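Using the supplied hints, reconstruct the complex from the two chains, each of which is provided in its own coordinate frame.
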Amino acid sequence: MAPSPEILVRGAGVAGLVSAVSLAERGAHVTLSEIGDRVGAGASWMAGGMLAPWCEAESAPDIITQRSVSAVEWWKAHVPETIINGSLVVAPPRDTGELRRFARMTSHFREIGASEIGQLEPDLGDRFSRALFFPEEGQVDPRKALEALKTRLVSLGGTVCLNDTARHDDRLSESNWDYIIDCRGYASRHQRPSLRGVRGEMLLLKCPDVTLHRPVRMLHPRIPIYIVPRADHIFMVGATMIESNDDRGITLRSMSELLNAAWTLSPAFSEAEIVDIGTGLRPSYPDNIPAVTREGRTIHVNGMYRHGFLLSPALASEVCDIIFGVEHPQTS
Amino acid sequence: MLFYGTELSSPLMLGTAQYPSPDILSETVKVSGAGVITVSLRRESANLRAGQAFWSLLQDLNVPLLPNTAGCHTVKEAVTTAHMAREVFNTDWIKLEVIGESDTLQPDVFGLVEAARILTEDGFKVFPYMTEDLVVAERLLAAGCEVLMPWGAPIGSGRGLNNVFGLRSLRAHFPNVPLVVDAGIGLPSHAAQAMELGYDAVLINTAVAKAADPIAMARAFSLAVEAGRLGREAGPMEPRDMASPSTPMLGLASLS
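Listed in order, the protein sequences are those of chains A and B. Counting along the first sequence from 1, when you hit position 286 you're at 286 in the working numbering, and nothing is skipped either side. Counting along the second sequence from 1, when you hit position 174 you're at 174 in the working numbering, and nothing is skipped either side.
Isolated chain B (complex conformation) (with noise of 0.2 Å):
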C-alpha cells in the first residue's frame, strides 16, 4: 500500500517523544527499522529554530520524517504548526491532530474535518489522527485525506484496540486506503493484532520509549508487525464454535 506514492520500508511507525536519552533513541530507530518516525513541533521553538540540535539528530537517522501537530486544540493552531513543520522539516507530510478533549486526547473530528480540508488546498499531504468512525472517515477522504490514523484506544494509554469491530468494519469499507492504528497500543500483540485485521501500519510511541529497555521493546514491536502482517498474507483459518481434533483419529487404543 502506497502512502501518498511512497511505500514504506516498514509498517512500523515510530514516535520519537520520551526516550531517556537522544543516543537511546538513535538506537531504538535504528533497532526497529521504523519506516517513519514522527516528531512533534512544540511552537514556541519553532519560531525560532530553536529545537534544531534534537531535529538534526532525528534528520541524521535518514528515517522518513512524519511532523506531527501534537498538542493543537484548534484548527488555526494546528494549520500555522503544520506551516512551521513543513519550513523545519522541507516535508509536505503532516500528521494532523487537532485535540478535542484534554483528558483523553481525543480528536476534535469536526476540527480535523476542517483542518485537513485547509491543510490539503495549501498542498500538505495529511495523515489525520481520527476515531474508527465510519463517517468521519468518509468527510477526512472527501477533504482530501488518502491516508487515515484511527486510533486503538486513548493516546499513552497503552490499551491496545478498544474497538475491535470499528476498526474491522473501518477496514472493510476502505480497502484502498492506507489505515493506520495510530494510538493506544501497548503490547507488541496489539500491534500483531492490528496487523491481522489489515491494517497497513502502526505507530507507537509510549509503548516503547516508556519500556525499561526500549531498545528490546522496539525489537518486540519490529517482529510483532511482521508476524500480524504475514498472518494476515497467510490467510488466518475461520474460527469454530465446535472443537475439531487436530490429530487423526487412527491407532487409538480401544478400551472398551
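This is chain A alone, in the form it adopts within the complex (with noise of 0.2 Å):
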C-alpha cells in the first residue's frame, strides 16, 4: 500500500465530510466531490445535530448507542463549537405515559422536578413539573459543523470539489483511485436497491423570548418534536418520520403539527419568526442501521437514516480501519 493513497470520496454530507477528515488524518490523499454547490446540501442540512446516542435508544438497536458514545468527543475534537451541556425531555402533564416509556428504553439520565428543570431551562421552569436530563449529551450547528470540516479537510492537503458534474457519473472510472468512498446518501439509491427515503420536515425560528441553552425533546402519543437551540436565538424545530420517498415541500399537516408542539413547549414562541423550512430524505436501510459495505475498491457509507451526526465518525473509522489495516488490495 502506498503510504498515501488516492482516495476519491464521493457526497459531501456528514458521511463523506468525517470519512474525508478522518482519511486525510490517517494520511491519505483525499479528493471530496460533490454535485451541490456547498457542503451538507443534502439531509444533513436539514439534521438536528443532536449528540445524543442515549436518548436515540428510545427508538434504536443497542447497537447505535454503542457505536455512537465515541462521537460525542470526535466532535469535541473536531469543531471547537460542538456543545456538550445535556439534553432534556419533556412531556405535557397529560403525557407523561410517554415519560415513563422513555426512561424505560433509555439510560444515563436522571429523573429532575420543576425546580431543577428551571434552573436549567429557566424559560421552561414553570411549564413541565417532571423532565429527564441526560448530561453528557450534546449537539453541533449541522451547517457550521460541515463547513469547519471542509476546512479542517483543506488544511491537511484535501481538494473540495463543488459542483462536480463531472464525476457524478454511476460508470465513473475506478482505475484512477485507490479506493472510492461513496457516501451520496439517497443519491446512490440505484447502487443501493435496498436503500429507501424516510421524509423529514423542519424548521427554524427566530425567536428572541425565548433562550434554551440544550436540546428539548418533547415527547407526545402522536407527534413527538425536539428542538435545538442555535446561536443567536434560531431554533430547529424538527422533525417529522413519514415512509415516502416524496421530497417536495412540507405539508400543511406536518407544519402545524411542529408549530403547535413549538407552542406548546413554550407560548413565548407564538412570536417566532419562520426563518426556514426544510424537507430532506434520510437514506435508510431495512433495519435503520447505518453501514459500512466493500465492493472491490469502492466502498459505501450509506444508510445513515436518523444518525449520520452520530455515526458518521464510527462508520469513517471502520473505512479507515478497512483502507489501513490489514485488507488492503496491492497498489502499483
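Accuracy of the hints is not assured; some may be wrong.
With a Cα cut of at most 20 Å, we get these calculated EDC-like pairs of lysine to aspartate or glutamate [claimed, not checked]:
1) B:210 - A:178
2) B:76 - B:108
3) B:76 - B:101
4) A:206 - A:287
5) B:76 - B:122
6) A:206 - A:178
7) B:125 - B:103
8) B:30 - A:287
9) B:76 - B:87
10) B:210 - A:98
11) B:125 - B:138
12) B:210 - A:62
13) A:144 - A:62
14) B:125 - B:101
15) B:125 - B:77
16) B:210 - A:276
17) B:210 - B:87
18) B:210 - A:58
These are calculated hints, taken from the structure and not from any lab test. The model shown is predicted, which means the values in this text are computed figures rather than measured ones.
Dropping the structure here:
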C-alpha cells in the first residue's frame, strides 16, 4: 500500500466529510466530490445535530448507542463550537406516560423536578414538573460543523470539488483511485436497492423571547418533536418521520404539528419568525442501521437514517481500518 | 366467521405503523402469525407512489393487506384516500376511519355512515372504525358494511375495553356479523378478553410497535387471542355469588 493512497470521496454530507477528514488525518490524499454547490446540501442540511446516543436508544437498537458514544468526543475534537451540556426530555402533563416509556427504554439520565428544570432552562421551569436530563449529551450546528470540516480537510491537503458534475456519472472509472468512498446517501439508491427514503420535515424559528441552552425533546403519543437552540436565538424544530421518498415542500399538516408542538413547549414561540422550512430524505436500510459495505475498491457508507452526526465518526473509522488495516489490495 | 367471503388465518390483525425499523416490523408480522395487516396511506405519498419502498415490503410479507384511511377528518378525504388505496394496493378492502375529534381520535359516526354508503356503492368492502353504539352499527349495516370494528378505547391509549357491556350487547345483537375490536388494546389480556366476549378478531398496533420488544409482544398477543378464542369455544362457567368448594369434603379431619 502506498503511504498516501489516492481516495475519492463522493458526497459532501456528514458521512462524506467525516470520512474524508478521518482518511486525510491518517495520511490519505483525499478528493471530495460534491454535485451540489455547497457542503452538506442534502439530508445533512436538515439535521438536528444532536449528539444524543442515549436518547436515541428510545427507538434505536443497542448497537447505535454503543457505536455513537465516541461521537461526542470526535465532534468536540473537530468542531470547537460543539456544546456538551446535556439534553432534556419533557412531556405535557397529560402525556407523562410517554415520559415513563422513554425512561424505560433509555439510560444515562436522571429524573428531575420543576426546580431543577428551572435552573437548567429558566424559560421552561414553570411549564413542566418532571423531565429526564441526559447530562453527557451535546449538539453541533450541522451547517457550521460541516463547513468547519471542509476547512479542516483543506488544511490537511485535501481537495473539495463543488458543482462536480464531471465525477457524478455512476459509470465513473475506478482505475484512477486506490479507493472510492461512496457517501452520496439517497442519491446512490440505484447501486443500493435496499435503500429507501424516510421523509423528514423541519423548521427554523428565530425567537428573541425564548432562551434555551440545550436540545429539548417533547414527547407526545403522535407528534414527538425536538427543539435545538442554535446561535442568535435560532431554533431548529424537527422532525417528521414519514415512510415516503417524496421530497416536495412541507405539508400543512406537518407544519401545523411542528408549530403547535413548539407553542406547547413555550407559548413565547408564538411571536417567532419562521426563517427556514426544509424537507429531506433520510437514506435508510431496512434495519435503519447505518453500514459500511465494500464492493472491490468502492466502499459504501450509507443508510445513515436519523443517525448521520452520531454514527459518521464510527463508520469513518471502520473505513480507515479497511484501507489502512490489513485488508487492502496491492496498488501499483 | 367470514370477512367479506374470506376466512382469516388468524383473528389477530396487526397495524404496521411506528415500528423501530422495517426489519423489526417484518419479523413481528411473521412471529404474530397475523391474519391481516393494516397500512395507512398518507395522501401526499399516494399521489406519487412515493411510499412504494415501504409498501413493497408489506406486500412481500404475503399477509392480506387492509389499507386504512387513518387521519382523515372528512367524508371527502376518506373517500379519496380509499380510492388511492384501491389503486396502490389492488384491493377493494378498506378500513374506514373518519375522525371526529382530534384529541380522542374518536370516529365521526355521521360522516362514517355517509362515507361507508358512498364507498359500498363504489364496490368497496368497508371495515368501519366505529364507537360501540348499537344504532350506529345498524346504520352501517344498512349502508352495506358486512364487518363492524368498534373501538375498545381511544386509538393508541392502551386502556383496554372501556365499555364491556356495550361490546357484549353489540355481539348479542349481531351474532352473524364479523366483529373486530379495533382500538385501545394495550395488553394481551385485553385481547383475550375481547375474544372471550365472542369477538371474531382484534386489531393491535401501538401495543406491539411501542413495546420494548415488539417481536416478543407479538408472540404474546398471538397466544392471547388463541387463548381467548379457545376459552369462548370451551363454554365458560357462569360466575356465582357464593363460594363453592372445588375440593371434595370427603376425608376432612374432624376437629370437634
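Hints, one by one, checked against the model:
no.: 1; hint: B:210 - A:178; verdict: violated, 45 Å
no.: 2; hint: B:76 - B:108; verdict: holds, 13 Å
no.: 3; hint: B:76 - B:101; verdict: holds, 17 Å
no.: 4; hint: A:206 - A:287; verdict: violated, 36 Å
no.: 5; hint: B:76 - B:122; verdict: holds, 14 Å
no.: 6; hint: A:206 - A:178; verdict: violated, 46 Å
no.: 7; hint: B:125 - B:103; verdict: violated, 28 Å
no.: 8; hint: B:30 - A:287; verdict: holds, 16 Å
no.: 9; hint: B:76 - B:87; verdict: holds, 17 Å
no.: 10; hint: B:210 - A:98; verdict: holds, 10 Å
no.: 11; hint: B:125 - B:138; verdict: holds, 17 Å
no.: 12; hint: B:210 - A:62; verdict: holds, 16 Å
no.: 13; hint: A:144 - A:62; verdict: violated, 29 Å
no.: 14; hint: B:125 - B:101; verdict: violated, 25 Å
no.: 15; hint: B:125 - B:77; verdict: holds, 17 Å
no.: 16; hint: B:210 - A:276; verdict: violated, 32 Å
no.: 17; hint: B:210 - B:87; verdict: violated, 30 Å
no.: 18; hint: B:210 - A:58; verdict: holds, 10 Å
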